[in-house]
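Protein chains: 2
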Amino acid sequence: MSIDKFLEESQQIIIESVTPELDGGRYAVKRVTGDCVEVQADIFRDGHDLIAAALKYRVMGTTEWQETPMLKFDNDRWRAEFPVMNIARYEYTIEAWNDRFKTWQNDMRKRVEANQVAPSDVLEGVALVEKAFPRIQSPHHSGQVETLLKTVRQTADPVAAGGLFLSEDVTRLMDEYPDRSFSSHYRTLEIIVDPLLARFSAWYEFFPRSQSPEPGRSGTFVDCIDQLPRVAEMGFDVLYLPPIHPIGRSNRKGPNNSLDAGPHDPGSPWAIGNENGGHKAIEPSLGTFEDFDRLVKAAEKLGIAVALDFAIQCSPDHPYVKSHPEWFFIRPDGTIKYAENPPKKYQDIYPINFYCDNREALWTELMSVVQFWCQRGIKVFRVDNPHTKALPFWEWLIAEIKREFPETIFLAEAFTRPKVMRSLGKAGFSQSYTYFTWRNGRAELTEYLTELCQSEMKDYFRGNLWPNTPDILHEFLQEGGLPAFRLRLVLAATLSSTYGIYSGYELGINTPVKAGSEEYLNSDKYQINHVDWSQPHNLGGFIRQVNQARRQNQALQYYDNLRFYQSGNNDKLLVYGKTTPDRANNVLVVVNLDPHQAQESWIGVPFWEWGFSEHEPYQVHDLLSGAIYKWQGEYNFVRLDPAVQPAHIFVVTKG
Amino acid sequence: MSIDKFLEESQQIIIESVTPELDGGRYAVKRVTGDCVEVQADIFRDGHDLIAAALKYRVMGTTEWQETPMLKFDNDRWRAEFPVMNIARYEYTIEAWNDRFKTWQNDMRKRVEANQVAPSDVLEGVALVEKAFPRIQSPHHSGQVETLLKTVRQTADPVAAGGLFLSEDVTRLMDEYPDRSFSSHYRTLEIIVDPLLARFSAWYEFFPRSQSPEPGRSGTFVDCIDQLPRVAEMGFDVLYLPPIHPIGRSNRKGPNNSLDAGPHDPGSPWAIGNENGGHKAIEPSLGTFEDFDRLVKAAEKLGIAVALDFAIQCSPDHPYVKSHPEWFFIRPDGTIKYAENPPKKYQDIYPINFYCDNREALWTELMSVVQFWCQRGIKVFRVDNPHTKALPFWEWLIAEIKREFPETIFLAEAFTRPKVMRSLGKAGFSQSYTYFTWRNGRAELTEYLTELCQSEMKDYFRGNLWPNTPDILHEFLQEGGLPAFRLRLVLAATLSSTYGIYSGYELGINTPVKAGSEEYLNSDKYQINHVDWSQPHNLGGFIRQVNQARRQNQALQYYDNLRFYQSGNNDKLLVYGKTTPDRANNVLVVVNLDPHQAQESWIGVPFWEWGFSEHEPYQVHDLLSGAIYKWQGEYNFVRLDPAVQPAHIFVVTKG
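Protein sequences appear in the order of chains E and G. Per the numbering used here: the first sequence ends with 655, consecutive numbering throughout. Per the numbering used here: the second sequence ends with 655, consecutive numbering throughout.
Chain E on its own, in the form it takes in the complex (with noise of 0.2 Å):
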């Protein structure tokens, strides 16, 4: 390689440890609009020639460049940040390059001092001056840099020509057209920009055929209208909706689970499909396009976004198995191959074939179905075991989608091995669900949510965190009862900014399918369900105050601002913090994770964080019972009893 060639490569300034970056760029960091983006890297060069830099950024596909100078802060780390205004995809890059002038105006500035000045030391800096003339783009500038030479060369005395180069006019002019000739250049990186909804969401799902309030007649859309009230009272932002299409007829599931449907059994949404269409269908019995229309403007007129579920498997009855068999996995007998974990069977769904040789159309026929739900409205979609399809699938497909429609917000529902659930993160995903479920120690909890909102992960995994599903009745709230429900809900909805709960939850519904299940008995996913919801609800109006804090707390619309603290050698208690980066809204929450019993313990309270000095009162505010307190310093003392109050929301402020 010539030595030139080679000097391309390998640049003069050095620029590395960039941050944020993902995997050396090879996937996109997640920020919403509105947010600051701070950019730092290690910037330096062999000897003592002072550099310069600058961030760049710019909105995928524009042209221009918009940038802004970066500041070295320490031990050669530079940082500078730039606004996201855009629901874009954004690209950014460092260039940095030798500040010539600045490094020989250093020097100068000691040789004043010195008073030992040479003549060939003002030439020098006379003639970067003048190469930096062309550069000038302001007639107002050019003049300024004509009168400085003028005035260099008719001043005989050396020292005191230098000096007139020191002055800040003529730093700041210089820094103005700087020589970048030479720069080096940062690869270019990328940032999805999501609306803050992708952040700061709570999630309520239901299924709309168990919206009736006539018992033994199907949910409709209509239904789900009647019930947007009360599911804005609670405070909640998205409605989650199961798979509404069409629904196989081939071994369709009976209630709970069993494989001998009755002729009135509705089956399972997620086996999607028959000979009323596929997934640009809607199930007849929910209602028609327009009904559904309807909820969708209905929901969002009280805030709420609808939200669909995207399964991507197929009924034997789906319209693809017939337009399509070669989407599908074909048996040796040319058969198309169902589920199966052997020796178990799950017939009546088929797996999709992402990789079959008639991808092309397969991908874009799949991408054409969340296409076509965007061009209705929807905006969010919750998408069902996306770690069992494939993952350049997500990759793709979620990057053209938001290059269409950027607003549109992807919930992986993966429950799958660690890296596995990263991955789909990096893929794109907006928020993942999590592990949050099966957590209910200080250690295992304190562990995990620092994973996921102070690691790396923080930068492209949202973790939406739910206490139940359809699928998960967690042990701990079949024995907990309602104490536990609350305890959870306080969990979810104030370690992480988006979480979500599952319809029932707000009466405590807690029976499962059978002792030691997880599973629901009489579950929504195989049968019809009524629910009378006229009746009192157990926790209705604390799921309401829980959701009016997180409204009101800006603090709590962050995801990787969670800090934990100590709880003595209490450890059914947990106590954490989160604090704008402003420190204008500062919130405490201490959570009794016992609930059996009442705990208390003296608590850590980092009120250096808030800015308060140690002999400062402050004031905490608890947003659930409306007691007000003054503490001081960091010890203070909390009893938490589950029969009365599972948690304190504290909001502090200078007492």
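Just so you know, the hints here were simulated from the structure itself, not pulled from any lab data. Each residue gets a CB set at the ideal place from its N, CA and C atoms; glycine is no exception. Warning: the hint list may mix true and false statements.
According to the in silico footprint, chain G covers these stretches of chain E (three or more CB under 8 Å from chain G) [said to hold, decoys possible]: (1) 46-59; (2) 222-230; (3) 286-299; (4) 357-365; (5) 440-446; (6) 497-506.
Straight-line C-alpha distance at most 20 Å; calculated PhoX-like pairs for lysine-lysine [unchecked claim]: (7) E/Lys150 x E/Lys131; (8) G/Lys525 x G/Lys345; (9) E/Lys344 x G/Lys110; (10) E/Lys301 x E/Lys280; (11) G/Lys150 x E/Lys337; (12) E/Lys110 x G/Lys344; (13) E/Lys514 x E/Lys525; (14) G/Lys150 x G/Lys131; (15) E/Lys630 x E/Lys654; (16) G/Lys379 x G/Lys297; (17) G/Lys630 x G/Lys654; (18) G/Lys419 x G/Lys301; (19) E/Lys110 x G/Lys345; (20) E/Lys419 x E/Lys379; (21) G/Lys297 x E/Lys345; (22) E/Lys102 x G/Lys337; (23) E/Lys345 x E/Lys525; (24) G/Lys379 x G/Lys280; (25) E/Lys419 x E/Lys301; (26) G/Lys102 x G/Lys72; (27) E/Lys72 x G/Lys419; (28) E/Lys419 x G/Lys72; (29) G/Lys322 x G/Lys337; (30) G/Lys337 x E/Lys110; (31) G/Lys379 x E/Lys102; (32) E/Lys379 x E/Lys280; (33) G/Lys280 x G/Lys322; (34) G/Lys102 x E/Lys344; (35) E/Lys337 x G/Lys654.
For this one, chain E is given, so just place chain G on it according to the hints.
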């Protein structure tokens, strides 16, 4: 982008978090011959299909990859290792593929166990084996496969037929010929494999001109030859000589860095070049090329490598100044710039302009200097102030030289900002000077050596520890006297596998040029000194003991195996250990960091790391005193009196 193009770039199987890997593969990591390189990676894909992976490696420039299977050991983490036996640049990468046969075989095993095998299930296996057939290279294996297929076809019962595929023989056979047509490939990474000397070396530095037995006369290479047995006797492997080239006459420095050199003052050897030549010439008063060659050969016979200094700077009298003025910095008045740190001037030195227009000729000429000395048998270079030269130049030069002379070792004499020092290691320097000389307390030694030997730096930065150099006589040695010299030597020689001392250390010479200075009085840098080496060496025997301990204990020859242990509350005692990878050799070192007072404490001994149980006595044999103690369990007592012995270097063996 078409879907297939996208799929090509975004591979089916994810391979990430590979170790070792430096800055995403931008730089090579380092090992020495005989090492086993362990490579780990996260390797996984969506879904439940089984995958397989291979670690591939080769000497760069050769065409055939060698490979070894990787094995999953935990949570989608895989590992494998390969030996590096050549002194060469290696490359390695990872390939992973879907193991379709094993996936099918696993399912079949479950089907057979459940007695639920469909004929179609068997046919899938037949198809997979038939597809493998063309890949089979051994006729014996082809025969086995034919027999298998024939037997399967003759077996009517699907359960029995399926069972035929489950034998270990079939597994091994199919493992041998996997379908790798849709493999995922990781990027190619590089390793510089050095000779052992790059990791394990004891350096001794002296000025040839001070080696004369007659006061007043300049020492010669012949005098150096006479000193070799003394150096070998102390146990050193590398004899490093400051520049041996003709010394400039313009603005020559006099004794103690004075500006008024007398006519007979020899000047600083770092002001290179005069009418007798430059970097490819020898200062005539030192002798001839023949003398030099004799010195190199004589040293080699004693197991000592002669190291030269590569200092890229020129005196105003260097031949380059006339032949290539364009390689220097030219002032506007046409003169060449001398080195400056305004208002300080170093008029005896002209720095080089590495990015000058004629850089192609400059870089090539500088490389030819190193080649010149390599051709004369020099394998070790100490590079003067490399951080003030172009970083890309070093990356280019070291790679070029090591392509031709792979065994060459470069030591970076850089004392500058930490990230610049690291970048020299990344650029290819085999070893580097460190801040060790200024680290004397327990906390700072522990922190710094942990960074050097246990952080990512261990893969590319080998810290060479020097208790003194001609430029640094630390206050600790000035104040602490011989006990300080002893303890600093033990630290340097046992904390790192590579260390060095500057001549005079063995006599405890510690007079500074003035109070508060780290410069030696009457430094060899500016004058010819005469030392009567026949006088008793205060520390010669001690140094010999320590170097012998290093040679006889493999554990001290590794760099990244340093571990620190507890020394109770006595922060004057530093406790650390080194163990070979096979645990065959275990060394425990205890150093009293206080040169003035005896110190004692219970220390924490990590008996479990050596495979001993709590109740098992073990033997510690002090290589300095010869004493042998029986110890047991974690806590044992030590007392070290600096007047008697500054340290224990224990070899630990089963009691």
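We went through each hint and held it up to the structure:
A stretch counts as covered by a chain when three or more of its residues have a beta carbon under 8 Å from one of that chain; for the stretch 46-59 of chain E and chain G the count is 3, and the coverage holds. With 0 residues having a beta carbon nearer than 8 Å to a beta carbon of chain G, the stretch 222-230 of chain E misses the requirement of three or more and the stated coverage is violated. Given as covered by chain G, the stretch 286-299 of chain E fails the check, having 0 residues with a CB less than 8 Å from a CB of that chain where 3 are the minimum. For the stretch 357-365 of chain E, the stated coverage by chain G is satisfied: 4 residues place a CB nearer than 8 Å to a CB of that chain, which reaches the threshold of 3.
Check on the stretch 440-446 of chain E: 0 of its residues sit with their Cβ under 8 Å from a Cβ of chain G, so the three-residue criterion for coverage is violated. For a cut-off of 8 Å, the count of residues in the stretch 497-506 of chain E with a CB near a CB of chain G stands at 0, and the three-residue condition is violated. Restraint check: the Cα-Cα separation between lysine 150 of chain E and lysine 131 of chain E comes to about 15 Å, which is no more than 20 Å; the hinted pair holds. For the hint pairing lysine 525 of chain G with lysine 345 of chain G, the CA-to-CA distance comes to about 18 Å; that is within 20 Å, so the pair holds.
The suggested pairing of lysine 344 of chain E with lysine 110 of chain G holds, with an alpha-carbon distance near 10 Å, which does not exceed 20 Å. Proposed proximity of lysine 301 of chain E and lysine 280 of chain E is contradicted: the alpha carbons are some 25 Å apart, above 20 Å. Taking the CA atoms of lysine 150 of chain G and lysine 337 of chain E, the gap is near 26 Å; set against the 20 Å cutoff, the hint is violated. Annotation: proposed proximity of lysine 110 of chain E to lysine 344 of chain G holds, straight-line Cα distance about 10 Å (limit 20 Å).
For the hint linking lysine 514 of chain E to lysine 525 of chain E, the alpha-carbon distance of about 16 Å falls within 20 Å, and the restraint holds. Distance check on the hinted pair: lysine 150 of chain G and lysine 131 of chain G sit about 15 Å apart at the alpha-carbon level, within 20 Å; holds. Between lysine 630 of chain E and lysine 654 of chain E the CA atoms are separated by roughly 10 Å; this keeps the pair inside 20 Å, and the hint holds. A hinted pair counts as satisfied when its Cα atoms are at most 20 Å apart, and lysine 379 of chain G with lysine 297 of chain G qualifies at roughly 12 Å.
Distance check on the hinted pair: lysine 630 of chain G and lysine 654 of chain G sit about 10 Å apart at the alpha-carbon level, within 20 Å; holds. With a C-alpha separation of about 39 Å, the suggested pair lysine 419 of chain G and lysine 301 of chain G falls outside the 20 Å cut-off, and the hint is violated. Restraint check for lysine 110 of chain E and lysine 345 of chain G: satisfied, since their Cα atoms lie roughly 12 Å apart, inside the 20 Å limit. For the hint pairing lysine 419 of chain E with lysine 379 of chain E, the CA-to-CA distance comes to about 27 Å; that exceeds 20 Å, so the pair is violated.
At most 20 Å may separate the alpha-carbon atoms for a hinted pair to count; lysine 297 of chain G and lysine 345 of chain E exceed this at roughly 78 Å. For the hint linking lysine 102 of chain E to lysine 337 of chain G, the alpha-carbon distance of about 18 Å falls within 20 Å, and the restraint holds. Annotation: proposed proximity of lysine 345 of chain E to lysine 525 of chain E holds, straight-line Cα distance about 18 Å (limit 20 Å). Note on lysine 379 of chain G and lysine 280 of chain G: the hinted pairing holds, with a Cα-Cα distance of about 16 Å set against a maximum of 20 Å.
A hinted pair counts as satisfied when its Cα atoms are at most 20 Å apart, and lysine 419 of chain E with lysine 301 of chain E does not qualify at roughly 39 Å. The straight-line distance between the Cα atoms of lysine 102 of chain G and lysine 72 of chain G is roughly 15 Å, inside the 20 Å bound, and the hint therefore holds. Taken as a hint, the lysine 72 of chain E and lysine 419 of chain G pair is honoured in the structure, with Cα atoms around 14 Å apart against an allowance of 20 Å. Only pairs whose Cα atoms come within 20 Å are accepted, and lysine 419 of chain E paired with lysine 72 of chain G is accepted, the gap being roughly 14 Å.
With a C-alpha separation of about 14 Å, the suggested pair lysine 322 of chain G and lysine 337 of chain G falls inside the 20 Å cut-off, and the hint holds. For the hint linking lysine 337 of chain G to lysine 110 of chain E, the alpha-carbon distance of about 17 Å falls within 20 Å, and the restraint holds. For the given pair, lysine 379 of chain G sits about 41 Å from lysine 102 of chain E by alpha-carbon distance, which is inconsistent with the 20 Å threshold. Straight-line distance between C-alpha atoms of lysine 379 of chain E and lysine 280 of chain E comes to about 16 Å, which keeps the hinted pair within the 20 Å bound.
Under the criterion of a C-alpha separation no larger than 20 Å, the hint pairing lysine 280 of chain G with lysine 322 of chain G is consistent with the structure, at around 16 Å. Taken as a hint, the lysine 102 of chain G and lysine 344 of chain E pair is honoured in the structure, with Cα atoms around 19 Å apart against an allowance of 20 Å. The suggested pairing of lysine 337 of chain E with lysine 654 of chain G is violated, with an alpha-carbon distance near 62 Å, which exceeds 20 Å.
Consistency note: the structure conflicts with the earlier hints numbered 2, 3, 5, 6, 10, 11, 18, 20, 21, 25, 31 and 35.
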